[in-house]
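> The residues making up each chain are set out below.
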Amino acid sequence: MMDFATGMLWIVGSSFAFLAALGVLRMPDVFTRMQASTKASTLGLGCLLIGAALQLGDLASILRLVSIGAFTLLTTPVSAHVIARGSYRADIPLWHGTVLDERREALEKAQATEQPEMG
Amino acid sequence: MLEFGTQFALVTLAAAVLVAVVRLVRGPTLPDRVVAMDLIGILVVGLIVVLAASTGVHATLDAAIVIALIAFVATIAYATYVEKGHPE
Numbered sequence: 001m002m003d004f005a006t007g008m009l010w011i012v013g014s015s016f017a018f019l020a021a022l023g024v025l026r027m028p029d030v031f032t033r034m035q036a037s038t039k040a041s042t043l044g045l046g047c048l049l050i051g052a053a054l055q056l057g058d059l060a061s062i063l064r065l066v067s068i069g070a071f072t073l074l075t076t077p078v079s080a081h082v083i084a085r086g087s088y089r090a091d092i093p094l095w096h097g098t099v100l101d102e103r104r105e106a107l108e109k110a111q112a113t114e115q116p117e118m119g
Numbered sequence: 001m002l003e004f005g006t007q008f009a010l011v012t013l014a015a016a017v018l019v020a021v022v023r024l025v026r027g028p029t030l031p032d033r034v035v036a037m038d039l040i041g042i043l044v045v046g047l048i049v050v051l052a053a054s055t056g057v058h059a060t061l062d063a064a065i066v067i068a069l070i071a072f073v074a075t076i077a078y079a080t081y082v083e084k085g086h087p088e
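Chains A and B supply the protein sequences, listed in that same order.
The numbers in the first sequence follow my numbering, run straight up by one, and end at 119.
The numbers in the second sequence follow my numbering, run straight up by one, and end at 88.
What the hints contain is simulated information worked out from the structure, not anything from laboratory work.
Please note that a few of the clues may not be correct.
Unchecked claim - Partial selection, computed: residues in chain B whose CB lies under 7 Å from chain A:
(1) GLN7
(2) PHE8
(3) GLU83
The model shown is predicted, which means the values in this text are computed figures rather than measured ones.
Quick reminder that beta carbons are idealized off the backbone N, C-alpha and C, glycines included.
So here's chain B without its partners, still in its complex pose (with noise of 0.2 Å):
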């Protein structure tokens, strides 16, 4: 069963980055960009998170930490940018 789940797992995050870099190129307004990136910083933190505990390296927990801030600080900083009025 883990060795399914971990597939399954890594197999669907990685489907599901893909499917939000469709939206994150198409657009069309930046506020969709910046959700779409914001969601790939969550994706991609989860992938990490999969692949620390199936593989046991503890290490990369730290950089899925670092990950997480950094998203949310670009998330606020380009919602400061379409606030102010750049909305392409």
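So here's chain A without its partners, still in its complex pose (with noise of 0.2 Å):
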């Protein structure tokens, strides 16, 4: 029974690190690339802990894993919200199709009203 949820937990953890790959592959820019990694690996990664956590079952390795576990989540989002600031100011070019970029917009009616910038 363990070891059927632990397969089953891998194929499922695994299936969502690949989807996370190929996102960042297939992804028009940084951003959206940065949002497939982050997520899905996140989820992926979370599956093979747990999976691994059913299968060891000793203490140590346990709290090793669930300190792994955490330490991604807490810095996960961390990165990629540091990554994407950075080549927002970097000028890194958007996607052509992009809809909304309201800091963009602040600035530019900031400029045509002769007022100091926003931001």
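Both chains come to you apart, so use the hints to assemble them.
Spelled out as structure tokens, the structure:
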């Protein structure tokens, strides 16, 4: 029973991880690639960790697996946010089909009315 | 089921690392490569966890923790470098 659960969790987790890699390859610009990578890799790694914890079962390994999972869940959003902010400020081009860029609109509006820059 | 799950997970994770390496080589900008490198770090942590659980060698889990820590610090450092205005 435990073996079956572990096998299923590993299949699901590695499929999600592969989808994340496929998203990083196929998405059109940095920001969409980043969201594919972070969301799917967190879920995929979570499934792999739970499967490994079911399989190993001793306290030392489970503590290590839980600490890996907690650390990943804490740091993935932070690093995604920092990469997004850095690449936006470095004027990395957005995808040509981008619909909404509120900061650019605010900057243009501020320039049109001759007011000090926002943001 | 465990046999098949282990084989499937190892092969799929290795394929995912290869796909991420394609993005790492093709770029086109530095943040793309940083995102690919971050993803490769997470995928390698997953590979090590699956290997440790299927072979029963616990010692490699410490290596997984270290790789997760270093990947995070490297991503933050590269993001700061990009933000200071070196996009290539």
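> Hint by hint, say whether it matches the structure.
Verification of the supplied hints:
Among the interface hints, the one on B:GLN7 is violated; its C-beta lies about 10 Å from the nearest C-beta in chain A, farther than the 7 Å criterion. Hint status for B:PHE8: holds, given a least beta-carbon distance of 5 Å to chain A, under 7 Å. Interface restraint check for B:GLU83: the shortest CB-CB distance to chain A comes to about 4 Å, inside 7 Å, so the restraint holds.
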